[in-house]
Amino acid sequence: MATENTQTLTRQDFVSDQDVRWCPGCGDYAILSQVQKLFPTLGIPKENFLIISGIGCSSRFPYYMDTYGFHSIHGRAPALASGAKIANPDLSVWVATGDGDAMSIGGNHFIHVLRRNIDMNILMFNNRIYGLTKGQYSPTSEVGKITKSTPMGSLDYPFNPPQLALGASGTFIARTIDREQKHMGPILEEAHKHKGTSFVEIYQNCNIFNDGAFSDLTEKETKAETQLVLEQGEPMIFGAEKNKGLILDGSNFKVVKLGSHYNADDILKHDKEDKNLAMLLSEITYNPELPVPIGILYQETKSTYDDMMTNQIEEAKQKNEADLEKLFSGTNSWVVD
Amino acid sequence: MSTVKKNISEVDGATIRFAGDSGDGMQLTGSQFSDNTAIFGNDLATLPDFPAEIRAPKGSLAGVSSFQLQFSNKDIHTPGDDLDVLVAMNPAGLKVHLGELKDNGMLIINTANFTSKNIKLAGYDDNPLDGNSLDGYQVIKVDMTKLVATALEDLGLSSKLKARSTNMFALGLLYWLYGRSLDSSINFIQKKFAKAPDIVEANLKALNSGYYYGETLEVIKTTYRVNKAKFEKGKYRNIMGNNALALGLLTAAQRSGLDLYYGGYPITPASDILHYLAQYKSFGVKTFQAEDEIAGVVSAIGAAFAGNLAITATSGPGVALKSEALGLAVITELPLVLVNVQRGGPSTGLPTKTEQSDLNQAIYGRNGEAPMVVLAAATPSDCFMMAYESCRIALKYMIPVILLSDGYIGNGSEPWKIPDVNTLPEMETRIYKKKEGYAPYNHGNPDLARPWALPGTPGMEHRIGGLEKWEETGHVSYDPENHQRMVELRQNKIDIIARDIAPAKPFGKESGDLLVIGWGGTHGAIRSAVETAQDEGMSVSHLHLRHLNPFPKNLGEILVKFQKVMIAELNLGQLSTIIRSKFLVDAVGLNKIQGKPFTQTEVYNEITKLVKGA
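From first to last, the protein sequence lines are chains B and E.
Quick note on numbering: the first sequence equals residues 2 to 338 in the numbering used here.
Quick note on numbering: the second sequence equals residues -8 to 605 in the numbering used here.
Derived from the structure by calculation, the hints contain no laboratory data.
Among the hints, erroneous ones may be present.
[To be verified] The calculated DSS-like cross-link candidates involving lysine-lysine, where the alpha carbons are at most 25 Å apart (straight line), are:
1) E:K272 to B:K196
2) E:K408 to B:K327
3) B:K318 to E:K182
4) E:K183 to B:K318
5) B:K320 to E:K182
6) E:K425 to B:K47
7) E:K272 to B:K327
8) B:K327 to E:K93
9) E:K272 to B:K320
10) E:K600 to E:K93
11) E:K226 to B:K327
12) B:K327 to E:K183
From just these sequences and the hints, can you work out the full model?
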């Protein structure tokens, strides 16, 4: 199939002719911008990108990208993406989803696509609220959330998305933040490079219904103390003075000060291939005593469903001749003259 | 013992039923006899009937599994009404099925299972083999289990394994009764158990023992011969509906040059379609066993967008789950075929029993104005052509199609004349690669099909989705007039298909006293009943609808040519309601909802009542 020259692609090639209709100030703009910036750099022909979404604010995403796109129904994007990828494994398949779409109505598809490790990238915009239906709590909202549907506070405990993804055998699990553009770009690129299902949780501010949900993590004054930026092989050090680090105390994290008792060598180093460490990292999301990890929490190399299916079909083609007439006749046919 | 000469009686046909416990191997026995009968050259039709439980309590009434077939030297359409032969492997099988054995019919009983426990489980107070309750039948009592155990004495098998071959004894005895060769079953046993030579030997010995038992003993005095039926020239095989359906889908993919994608979730009685397709990987078939019904259909929609021939199959409860996604397929105008192998409802209903109660669901069961093309297969072998036809329409018109089958024809079998692939209708797709003038929702062709621009095609990037589309561009639109235009367009897309489907043609005269209309798996019973009535001089014709939305365009003209119209269906009158409202005819319904197909007698009696006014 003929392809357009990928060398000449620019960000502008990925901007569609549709007006972007997210609320002014929405965190979604930052994500759109990063994706439009990334795509022309990946060396993939423009026509091979396919973006699929479900329902929700995040799911308007495909309309704003000048690629093939499918705005499907609530929660089902991973299923639709699975079919499209299996049908045409040459496509670079991206799913844009939200915390309600992926964790609630689409929870089943979310865990099963991770389990199968179908090669696609899932960007989950997590604003911890239902935006498009105007402000009900979501499955990632903190307990006690006061919303229109929970005037006395929500009663359900939230999902911790990376932990759910780990439990579902995800092979690439990362987190980034809408306001951290320089962090997001490289994470999205790594997600793309990963063969298998890549899951990126993007903390995203809904300035209408849940404004400031992540302000501790994004405001200049606090973020150095609240973010733990994970770098492969590097010690888990954070703080404005870069003087705090994580060590293991039994099987839990503990924050220690660097100085007289501890130095950088004592601090736990990040290893994205260590599943036990990833479990611990995913666990600390809601713990106010500990910083929130961003970066690649976990990555694992594993055969993808789509590759294995292609291999099975090749194997079958080599073993058995595709002879329709023979198949029709079966083993017990007879002829009437 | 000396070999005794027996009478041989030539008959036109016979209806036989094997009945026993779920674990007795009745389905295998029945399908073996069917294959043998098909190869021999009789026409036949089968009715497997089994419980939803894999192993219902042993010996219980609920656990009875049976397999019925009718075979004949004539063209037949049903598995038969009353039985000439009933093989009852246990008291429960006798209890459930004796009522359908003809007077003086042959009753072959495995006495070994008539223990006091089993007799009680079947709800008998006393052993039915004692006393005179079976006096009106030719009762053949055989301790099959013991005879098989004796025959297998030298084999080092457990008594449990030996007992498992008992069904082969019954099969061998029936082969003898109808003068059949054992070859087809010998081949089958050798292949099926190739890895276990002792099991092969056990089954072959049991099969032979049954045959020789009949030959040697004086118990059965008359054997029967049913001569070959007259078939059109050609190559034939016996085929089950679900198998024929899978082959029809595969053939459509091959003929259209597309890969076949199947996304689905296991459900009775549709799972076999997935099983068959999963065997066709050498043809490039991709089968995806999804996490649920919704993912099954939605993944198929994704595959359709990406350019495969996309299929999903399920039964009624699965269609309910898929409904929202079907609306998405309607609004995105993608080619998709959904197969519903219907079963008894509502809810979980009667999973292994047949019914035709999902017609309303197929035609109306989505939110919004979301019409879909609906077809129905009439017989097991017709499943092939209707699957092919469903794909043809989906691809040519860029539209989702529902194909209705049912448990009766899905699991039933009959001889299938193997088609010459090259004579099947052409497959046309709307794959579009011209960048100039391309618009995703351009409907500027007489078939109102939008272009199918596949991801991977340069310069034709576009977005589609479940929000209302602006005509031509496919952009999201909330414009009131555009919405009305699009709703009407989607209805028109269905309506124009009427000109591309075969006109309705009644079997029998084009006008008369009574027209019997049916659809789906009731074909055989209606056709047999109408043939009988016609032979008796009644003015009755049969119209069997394969296209239910849209209807053949001449349907209205046919209806008015008959004094009375009767619509026979296995529901409370769903097609009747549609036909009455659409054509304003006073159609009478013949309705049955028992999880069982019509017998031809039931249809015949109703015909007689309407024609003769009795």
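Hints and how they fare:
1. E:K272 to B:K196: holds (24 Å)
2. E:K408 to B:K327: holds (14 Å)
3. B:K318 to E:K182: holds (23 Å)
4. E:K183 to B:K318: Status holds; Cα separation ~24 Å.
5. B:K320 to E:K182: Satisfied, since the Cα-Cα distance of roughly 19 Å is no more than 25 Å.
6. E:K425 to B:K47: This hinted pair holds, its Cα atoms lying about 17 Å apart.
7. E:K272 to B:K327: holds (15 Å)
8. B:K327 to E:K93: violated (41 Å)
9. E:K272 to B:K320: Holds. K272 of chain E to K320 of chain B sits at ~10 Å (cutoff 25 Å).
10. E:K600 to E:K93: holds (24 Å)
11. E:K226 to B:K327: Roughly 12 Å separates the two Cα atoms, so the pair holds.
12. B:K327 to E:K183: This hinted pair holds, its Cα atoms lying about 20 Å apart.
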